[in-house]
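Next come the chains, spelled out residue by residue.
Number of protein chains: 2
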Amino acid sequence: MEQLVNLYNKAKTLNNNQLRKLIRSGDYIGQTAGLSKNMLQTNLIILEKQYALDFMIFCQRNPKACPLVAVTNVGDPFFKTLGNNIDVRTDVPSYNIYENGNFNKTVSQISEFWNENLIGFAIGCSFTFEHSLLRHGFSIDHISENKVVPMYSTNIKNEKSGPFENTMVVSMRIFKKYQVDKIINICKSFHWAHGKPIHVGDPNEIGISNIFKPTWGDKPRPLLKDEVNMFWACGVTPQNAILNSSVEFCISHTPGYMLITDIKEDAETPILQ
Amino acid sequence: MEQLVNLYNKAKTLNNNQLRKLIRSGDYIGQTAGLSKNMLQTNLIILEKQYALDFMIFCQRNPKACPLVAVTNVGDPFFKTLGNNIDVRTDVPSYNIYENGNFNKTVSQISEFWNENLIGFAIGCSFTFEHSLLRHGFSIDHISENKVVPMYSTNIKNEKSGPFENTMVVSMRIFKKYQVDKIINICKSFHWAHGKPIHVGDPNEIGISNIFKPTWGDKPRPLLKDEVNMFWACGVTPQNAILNSSVEFCISHTPGYMLITDIKEDAETPILQ
Chain E
68 MEQLVNLYNK AKTLNNNQLR KLIRSGDYIG QTAGLSKNML QTNLIILEKQ
118 YALDFMIFCQ RNPKACPLVA VTNVGDPFFK TLGNNIDVRT DVPSYNIYEN
168 GNFNKTVSQI SEFWNENLIG FAIGCSFTFE HSLLRHGFSI DHISENKVVP
218 MYSTNIKNEK SGPFENTMVV SMRIFKKYQV DKIINICKSF HWAHGKPIHV
268 GDPNEIGISN IFKPTWGDKP RPLLKDEVNM FWACGVTPQN AILNSSVEFC
318 ISHTPGYMLI TDIKEDAETP ILQ
Chain H
68 MEQLVNLYNK AKTLNNNQLR KLIRSGDYIG QTAGLSKNML QTNLIILEKQ
118 YALDFMIFCQ RNPKACPLVA VTNVGDPFFK TLGNNIDVRT DVPSYNIYEN
168 GNFNKTVSQI SEFWNENLIG FAIGCSFTFE HSLLRHGFSI DHISENKVVP
218 MYSTNIKNEK SGPFENTMVV SMRIFKKYQV DKIINICKSF HWAHGKPIHV
268 GDPNEIGISN IFKPTWGDKP RPLLKDEVNM FWACGVTPQN AILNSSVEFC
318 ISHTPGYMLI TDIKEDAETP ILQ
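So the sequence lines, in the order shown, correspond to chains E and H. The working numbering puts the first residue of the first sequence at 68, with every later residue one more than the last. The working numbering puts the first residue of the second sequence at 68, with every later residue one more than the last.
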């Protein structure tokens with residue numbers, strides 16, 4: 068555990084290129100919240116070509132949860148519009164392999180799985196607005212404690228596209244009640260990264276019956292009297308939609324373990340200039 | 068001409084639903100700048116399914132020119148996420164038919180062309196930020212004069228996807244030099260509608276050799292001494308990319324004659340709630 072904390076603290080000192088190099092080498096397989104600040108981080112989905120059109124339409128129709136920031140060419144493992152030499156096979160710290168709607172295993176690179184029929188999708192991530200909140204002086208529990216943000220399945224229905232439907236996944240952070248308006252105002256400009264929260268307050272209203280049992284990530288602490296739960300649409304939503312679909316094979320990042328890009332968080336578009 | 072002006076002035080008094088009904092009936096076939104203010108207007112592209120994935124990736128990679136705000140299901144002529152009962156076959160005032168890379172003809176509805184293999188794409192439009200500029204007290208020539216905004220092919224290369232490439236199309240408006248910063252600040256929040264201008268000043272710098280010969284739309288007036296040309300990425304860009312591709316058949320709106328939606332211009336996402 069101590070070694071992991073040391074490695075995370077070392078990773079905190081690296082820029083986007085250095086960190087991605089370390090991840091590619093296999094020497095960093097940890098989560099990426101709070102790392103490579105100022106640079107866009109993304110969720111990852113890899114699918115077979117036959118599902119690509121329906122999946123892109125799913126993202127277009129659910130832009131709060133699935134802001135699509137890049138797509139590879141079919142069979143080409145590089146995200147050319149996100150940076151120089153970003154290889155989807157090796158540059159994410161941890162991947163989930165799904166088969167026939169079930170989680171199969173977690174791996175640290177996917178070179179053996181990649182083939183000419185696959186296509187990669189990068190989807191915006193809440194770490195982007197988190198960095199902005201940190202810069203504004205807010206404290207975020209899971210970053211302070213090197214944990215994974217708690218994520219929950221909800222009862223908020225997604226817009227359907229082909230086999231993809233299911234409900235939205237949200238991430239949750241605890242803030243003081245008096246800070247809510249300021250936080251909303253900061254987040255609204257990050258439209259590549261989920262924008263404004265989709266819910267503030269009672270978790271039951273969006274179908275979360277036990278806030279201490281997240282579907283992914285680490286258990287949060289109880290609220291203090293002057294605090295509130297804030298929920299954002301989450302880029303794990305497509306994993307949920309794929310799990311519930313007829314898709315036979317899918318690779319994603321492991322929630323919390325994101326792709327680091329060369330795009331600035333406050334860029335007008337996520338396209339490398 | 069007088070009848071056209073009267074019809075345009077009548078159209079100006081209608082809300083989005085009334086105006087779309089009038090267009091569907093065939094009684095309004097004019098341009099839509101300055102109409103249905105506050106509601107998102109869109110460019111339209113209809114393609115055969117085989118080109119849909121490459122085209123969606125083209126839009127994703129060129130978000131300034133091609134902000135994708137809706138996609139139909141294949142064979143389904145309704146934009147369900149843009150509003151109630153928006154029929155892509157009848158609800159645009161004027162359509163262009165392209166065959167084998169050539170403009171074929173302009174028609175006022177496309178029911179006879181629609182088939183189960185087609186898919187429709189709606190792309191954000193500069194009329195959205197124009198309405199905001201009007202509300203801020205700016206005057207816009209082509210709206211004051213009921214003309215079509217001048218549009219130009221440029222030398223700004225698009226990001227390639229499949230058969231789609233070519234260069235960006237821009238629209239141009241004349242403003243006072245001292246107004247430029249304020250205008251940029253207003254436009255930047257409309258990320259579904261081209262956002263900030265992509266160029267301000269000398270047209271030659273982006274490959275426009277004669278500002279008085281637009282590729283589409285009406286000829287602009289000469290600049291006064293204290294004025295400047297401002298250029299925005301334009302939703303006609305995909306038409307240009309398709310004309311230059313191997314696509315056999317395509318339908319688009321006629322530049323300037325847009326689809327009126329039920330989405331508010333300042334909505335966080337272009338998805339009907």
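The hints are simulated quantities; they were obtained by calculation from the structure and are not laboratory data. Since the structure is predicted, the reported quantities are computational estimates derived from the model, not experimental observations. Even for Gly, the Cβ is constructed at its ideal location relative to N, Cα and C. Heads up, some of the hints might be wrong.
Across the chosen pairs, the derived CB separations fall in these ranges [unchecked claim]: (1) H:77 with E:168: 54 to 62 Å; (2) H:289 with E:267: 30 to 38 Å; (3) E:178 with H:274: 29 to 37 Å; (4) E:202 with H:311: 39 to 47 Å; (5) E:201 with H:73: 54 to 62 Å; (6) H:247 with E:340: 14 to 22 Å; (7) E:179 with H:203: 50 to 58 Å; (8) H:82 with E:248: 28 to 36 Å; (9) H:310 with E:170: 25 to 33 Å; (10) E:169 with H:171: 44 to 52 Å; (11) E:168 with H:82: 55 to 63 Å.
Hint-by-hint comparison with the structure:
1. H:77 with E:168: 54 to 62 Å: holds (55 Å)
2. H:289 with E:267: 30 to 38 Å: 53 Å Cβ-Cβ, so the 30 to 38 Å window is violated.
3. E:178 with H:274: 29 to 37 Å: violated (42 Å)
4. E:202 with H:311: 39 to 47 Å: holds (43 Å)
5. E:201 with H:73: 54 to 62 Å: The hinted range 54 to 62 Å holds for residue 201 of chain E and residue 73 of chain H, with Cβ atoms some 58 Å apart.
6. H:247 with E:340: 14 to 22 Å: The hint (14 to 22 Å, Cβ to Cβ) holds, given that residue 247 of chain H and residue 340 of chain E are roughly 21 Å apart.
7. E:179 with H:203: 50 to 58 Å: Cβ of residue 179 of chain E to Cβ of residue 203 of chain H: about 57 Å, so the range 50 to 58 Å holds.
8. H:82 with E:248: 28 to 36 Å: Check passed, 32 Å falls within 28 to 36 Å.
9. H:310 with E:170: 25 to 33 Å: Check failed, 46 Å falls outside 25 to 33 Å.
10. E:169 with H:171: 44 to 52 Å: holds (51 Å)
11. E:168 with H:82: 55 to 63 Å: violated (45 Å)
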